[in-house]
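Engineer: These protein sequence lines are chains A and B, in that order. Each step along the first sequence adds one to the number in this note's numbering, with nothing skipped, and position 134 is 134. Each step along the second sequence adds one to the number in this note's numbering, with nothing skipped, and position 206 is 588.
Because the hints were derived from the structure by calculation, they are not lab data. Bear in mind the structure is a predicted one, so any value in this text is a computation, not a measurement. A few of these clues could be false.
[As the list claims (entries may be wrong)] Away from chain A, derived, C-beta distances all over 12 Å, residues of chain B:
1) 468
2) 491
3) 499
4) 510
5) 530
6) 537
7) 542
8) 544
9) 622
10) 652
11) 658
12) 686
[To be verified] Straight-line distance between alpha carbons at most 27 Å, and here's what the computed DSS-like set of lysine-lysine pairs gives:
13) A:280 x A:263
14) A:116 x B:558
15) B:503 x A:163
16) A:141 x A:163
17) A:280 x A:336
18) B:659 x B:646
19) B:461 x A:116
20) A:122 x A:29
21) B:625 x A:116
22) B:572 x A:122
23) B:646 x B:656
24) B:684 x B:669
25) A:280 x A:122
26) B:646 x B:684
27) B:669 x B:416
28) B:413 x B:659
29) A:116 x B:607
30) A:141 x B:572
31) B:607 x A:163
32) B:572 x B:460
33) A:41 x A:320
34) B:625 x B:659
We put the CB at the ideal spot given by N, CA and C, even for glycine.
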Amino acid sequence: MRRVLLAAALLAALAAPARAITPDKPEFKKLADGVYAYVGKLNDANAMVVVTSQGVVVIDTGNNQPETRNILKHIQAVTKEAVRYIVITQNHGDHIGGTPLFSPPATVVLHARTAKEWASWKPYQVSTWRKRFPERAEAMKNFHPLDAALTFTDRMTLRLGGKTMELIYIDDPYNPGDIAVWMPDEGVLHAGFAGYKERHPDIRPDYSHGTTVGMMKQLEALVALKPKIVVPAHGPLMGVVDLQAMIDYLVIARQKVRAMMDKGMPLEAIRKNFRMEEYKGWDREAHYPVIAATIYRELRGEGPDITPVTEKTVKGKIEKIEEEGRFLTVTSDDGKTLALRISNGTDIEGVADRSYFKVGMRFAAIYEEQKERNETLQFQVQ
Amino acid sequence: MKKSIVSIFFVAVGLWFAASALAQDLGPHFKQVKEGIYVYAAVLNEANSTIIRTSDGVVLIDTGQSPKDSHVVAAAVKKLTSDPVRFIIHTEPHPDHVMGDFVFAPPAIVVAAEGATASMKQSESFSPARIERETAKSPEMRDAFKGFRLVPPNVEYRNRMTLNVGERTFDLYYLKNVHSEADSAIWLPKERVLFTAASVAVKRFGNHRPLVSIPDTLDAIRMMKALKPEVVIPGHGVTGSAKILDDMENYYDALMKGVGAMVKQGKSLDEIKKELKIAGTEDWEGKDRFPNNIEAAYRAVKGN
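With the rest of the complex left out, here is chain B (with noise of 0.2 Å):
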């Protein structure tokens, strides 16, 4: 009798640090959102780069803002597990989530939907002479640039991709003018948890460059909340749960009414950008690109 209890207590002591182990090892910018789904960025907004373990190697979500934070993802990787990296799914092709990729591909197997490939070339933020002044940037930098090479997808999807890896299950869906040229949304049904892109951020105001279509986005965020996810990883920003996605969802509808109802009094876009006001967007981050939101909605109302 004596001899079983002592044997619990040194199991459940033993899982006890197990568990403790993975949570503080990995570093301060990893937050552990599920069992063996780790979220990094090293400082707030920059791009997420997300690490799934799974029973068949690990699979990760993006690469983090740049190569340096590729590497400290890859060490992660390394404490939690002698598994290699098996997929690089992209929620979009801008540098700050695809630029570290060539750390881990091949062999890794990066995976876009269509249209990433050609992004990415026609992109300047991967020539040699950007490339050169990232690396100018400081020793580590010019480190972590070591064996740069742009990786272009291996695979490219149009629409929709699910992809099974070990127990887990990952279902991409194509997000049609939410950001880039090619973003898609990850969605692990079993998990409940989801990857938006850049298609929400948190508290922050979008870049909304000239293809971005807010009533596409606000397309985008409601096939996302109809998913009922209860992590939601934003491209950018701290991982939350469904609110955000109810919060953009709020934003968009009101930029657009706002932007509707003075359009119809017969204002300038100019005006517009002077007088309108979003309730609810004081405290947030990013306002030089409130302009280009409300000139994306301008676009939506007039129907450009």
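Bound conformation, chain A alone (with noise of 0.2 Å):
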């Protein structure tokens, strides 16, 4: 048997399969002099480029491994100066999970809030971390994702080889540390997790991507800068008006879903029919239901809903693949069907990534199960 050890939290149902935005196949497109996007397949995460002639800095690190070395490939095409700088737009695995590919020896830039989240991780966190490029294991051995970190918590200006890039973090008590990166010369913005071309947002009850209130804040610090054009954590280049979009859609949300509270309408209900029909068409319609919890609780005045989870293990052959290895449906030797989700975080042993799952595959899982909802699909591995 093919030993498979996964961590994953577990879905009682499978997110529908996204409505495709950006190509199949990634693009590395020139937004100015030295400047990059890449656009990840498939509304995958993107990551900016910034060649200078003290070195590349790269913002986010792409949605996995191949894309990851994907990205060195583009990067060593145009330069062959070395990735110098990491800069973590937001926490999570398709934005952080390429950055031991680059550091050592890139200084890793992130938030002081991202830095707390990676100092709190595990052995086996901090173990898969280092697993993560095979071809990187002399450098990364006995190496913590922070030794080589750099972290603020207000504003921070880096300039190299000519470039100015601007890291604004907007302050707000449930900002898990999403920040943006703004090239004023250029008028070049990545808009971090708030940028978001026709794709309803992903706003979790957890608040582990902040709050809608808190995004609208950072919209509207961004608006202010008037960029030529915006890179989004997800989805093709965007620009100034996607952004002002997008918090005349959070306007609208909100009303709707504070509409639906007036009339005394439970939770359960207010989930159900909450819909944005005047953004039909836009990508993840499915998060609907999330989007609307997590209204619900901000005009509730509540704080996050921190879902208890139950460390669990099971042993047994994969059913189903979706999403190139994001959902699998396993059964387990004792007959039961399991949804479980795989994001960049699980430590896979026995194949290289998640992408290398086939069906009818043996594997055994520690896994988590979230305990009454499983509408929260933050990644929290124990």
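Join the two chains, each given in its own frame, into one complex according to the hints.
Structural biologist: Shown next as structure tokens:
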């Protein structure tokens, strides 16, 4: 039996397949002199690359290992300079997971709140980090992800080889450490989490992506910069008009939830009835109930909904694979059917990464089962 | 049995020589204050420059009073290690702390508090005319300035920053209104070593520009005291313990109380300057700066 060790969150229902907005192949687009966007395929996470005479800055690190290696290939095709800085705009696997391909020696720049989270990682999470790129095994020996980190709390400016990057953090009690990167000379903005183009936002009741109020604060600050080109965290390149559109979207979404609450509708009914018909054709309609539940909590003045999780183990067989291994339907040896979400933080042994899963493959997994609900997709490995 | 005793003996001697070589060979103006941390100033009360070794390269805190000193520091780094200088952290953007950055950067990355670049670009100290005057001081200085460029910091932070390099952590705290437009305290929590910038001085009156606020400086000193440092390295002056912070806190407290009492008595600023004495400062250097210290306290008392 090929042994596959998984740590995953259990979902009752699998997410509907994403409506593609970006092409099915990643693109490396020049935005300005020395500034490139790596636009992930099918709305995978985007990255940005800034080439300077003093080294390269990579902003976010690609959706998964093959994507990160692809980013590096593109960098090497345009410069001989080494990658010197990695900037993390949000603390999710599809943005941070490629970091070990570059750091060490590259310095990782991240917000203090993200760094605090990294500092709390358990030994096996650190071990996963070290193992992510087998070709980096030697460099990663005894290396903690924060060993080459530069963290900041409020704002930071990075000037390198004639390029200026302003790292913008908009303070909010629930901002988990999301930042934007602004290049004033080029008018290019990596909007971080707040950047969405024709996509329903991934805002969650556990506030792992902050709140709608916090997101609007970020968007307003970013609109004021008047960027010429905006790189969102996911999806096609966009402009300031899309940032403004998301502010409008959030205002309307909040009004809708408020109206339902005023009518005395219970949360379950609000989750079920929440629709944004005005934005028909936007990607990820599956986010509706989660958006509604998040706004509901915010409007009631409630803090994040942290769902307790229980660590469990399972042995069994893979029955179905979706989204390149992001979602697995498996049958355990005792006959239960489970839906497992495999994140970039999942420690996988036996295959290089989740894209190598095959139907019929036997596996053993340690996973987390969320009690009560499953709408919170935040991946918390225990 | 005999063999193992001999081995131990040689190991011990070897280690002793190694340690001894490090302490002596850097030169008379270097002082090792902790393992791998060496403070340099050629002349007492000139700006300190500190070499900090890490497993991932060298970090410098300031680069010395002048480029001449920066070259001395560069030579010392070479004696200590073949590792490159990876980072320079400014305690302040004034020329006596940063003029020699060009000796190391690039490739070293310069880190400073927000406002450092603006301060440097506005300062007359880095103007061609001023550089010419500096280089004219001596042939050695002319040599030291060869290749001079103003190096604006690569990284500027607002409020707080943490930099991890190798096994060491550098916590940077922006110090508001203590001396320049962009002062940083730098704290090494594992080593319990604190760089105070020019927020404190050792038995010496500081030069208080109009932007300096004594209440803000007292806040900064109390914040730094709360870190409970073992080793305190001021921007200028001899390295010591937390007593440096205590002494400065006591001085500013006494200054504020003294000026406050005289203002209450209806005395003018000029009268206060003539009459005020602060016990314990009789042997301090820079007495000509005491009046501007009084002016800073007077501003604070008056709420200006």
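Engineer: With reference to the structure, classify each hint as holding or not holding.
Structural biologist: Results of checking the hints against the structure:
Against chain A, the non-interface label of residue 468 of chain B is violated: not every CB pair exceeds 12 Å, the least being about 9 Å. The Cβ of residue 491 of chain B does not lie farther than 12 Å from every Cβ of chain A; its closest approach is about 8 Å, which violates its non-interface assignment. For residue 499 of chain B, the non-interface assignment is contradicted: its Cβ lies about 8 Å from the closest Cβ of chain A, within the 12 Å cut-off. Against chain A, the non-interface label of residue 510 of chain B holds: every CB pair exceeds 12 Å, the least being about 21 Å.
Chain A leaves residue 530 of chain B outside its interface by the beta-carbon criterion, the shortest separation being 19 Å against a cut-off of 12 Å. Listed as a non-interface residue, residue 537 of chain B fails to keep its Cβ farther than 12 Å from every Cβ of chain A; the least gap is roughly 6 Å. Taking the minimum C-beta to C-beta distance to chain A, about 4 Å, the non-interface status of residue 542 of chain B is violated against the 12 Å cut. Not every beta carbon of chain A lies more than 12 Å from that of residue 544 of chain B, the smallest distance being close to 4 Å; the non-interface claim is violated.
Under the 12 Å C-beta cut-off, the non-interface status given to residue 622 of chain B relative to chain A holds; the minimum distance is some 29 Å. Consistency note on residue 652 of chain B: stated as away from chain A, and its beta-carbon is indeed over 12 Å from all of that chain's, at 41 Å minimum. At the 12 Å boundary, the C-beta of residue 658 of chain B stays outside the reach of chain A, the nearest C-beta of that chain being 38 Å off. No Cβ of chain A approaches the Cβ of residue 686 of chain B within 12 Å, the least distance being about 27 Å, so the stated non-interface status holds.
Straight-line distance between C-alpha atoms of residue 280 of chain A and residue 263 of chain A comes to about 25 Å, which keeps the hinted pair within the 27 Å bound. Taking the CA atoms of residue 116 of chain A and residue 558 of chain B, the gap is near 25 Å; set against the 27 Å cutoff, the hint holds. For the hint pairing residue 503 of chain B with residue 163 of chain A, the CA-to-CA distance comes to about 17 Å; that is within 27 Å, so the pair holds. Using a Cα cut-off of 27 Å, the hinted pair residue 141 of chain A and residue 163 of chain A is violated, with the two alpha carbons roughly 33 Å apart.
A hinted pair counts as satisfied when its Cα atoms are at most 27 Å apart, and residue 280 of chain A with residue 336 of chain A does not qualify at roughly 37 Å. Pair hint residue 659 of chain B plus residue 646 of chain B holds up; C-alpha atoms about 17 Å apart against a cutoff of 27 Å. Taking the CA atoms of residue 461 of chain B and residue 116 of chain A, the gap is about 37 Å. The hint is violated against a cut of 27 Å. For the hint pairing residue 122 of chain A with residue 29 of chain A, the CA-to-CA distance comes to about 37 Å; that exceeds 27 Å, so the pair is violated.
As the CA atoms of residue 625 of chain B and residue 116 of chain A are separated by approximately 32 Å, the hinted pair breaks the 27 Å bound. Distance hint between residue 572 of chain B and residue 122 of chain A is fulfilled; the C-alpha atoms sit about 21 Å from each other, no more than 27 Å. This hinted pair checks out: residue 646 of chain B and residue 656 of chain B have alpha carbons roughly 16 Å apart, not beyond 27 Å. Distance hint between residue 684 of chain B and residue 669 of chain B is fulfilled; the C-alpha atoms sit about 23 Å from each other, no more than 27 Å.
Distance check on the hinted pair: residue 280 of chain A and residue 122 of chain A sit about 42 Å apart at the alpha-carbon level, beyond 27 Å; violated. This hinted pair checks out: residue 646 of chain B and residue 684 of chain B have alpha carbons roughly 10 Å apart, not beyond 27 Å. Distance hint between residue 669 of chain B and residue 416 of chain B is unfulfilled; the C-alpha atoms sit about 32 Å from each other, more than 27 Å. Of the supplied pair hints, the one linking residue 413 of chain B and residue 659 of chain B is violated, its CA atoms being roughly 34 Å apart against a limit of 27 Å.
Restraint check: the Cα-Cα separation between residue 116 of chain A and residue 607 of chain B comes to about 24 Å, which is no more than 27 Å; the hinted pair holds. At roughly 22 Å between alpha-carbon atoms, residue 141 of chain A and residue 572 of chain B fall within 27 Å of each other, so this suggested pair holds. With a C-alpha separation of about 38 Å, the suggested pair residue 607 of chain B and residue 163 of chain A falls outside the 27 Å cut-off, and the hint is violated. Of the pairs offered as hints, the one joining residue 572 of chain B and residue 460 of chain B holds, with about 25 Å between alpha carbons and a cut-off of 27 Å not exceeded.
For a cut-off of 27 Å, the pair hint linking residue 41 of chain A to residue 320 of chain A stands: about 22 Å separates their Cα positions. The suggested pairing of residue 625 of chain B with residue 659 of chain B holds, with an alpha-carbon distance near 22 Å, which does not exceed 27 Å.
Taken one by one, the earlier hints fail for this structure at numbers 1, 2, 3, 6, 7, 8, 16, 17, 19, 20, 21, 25, 27, 28, 31, listed in ascending order.
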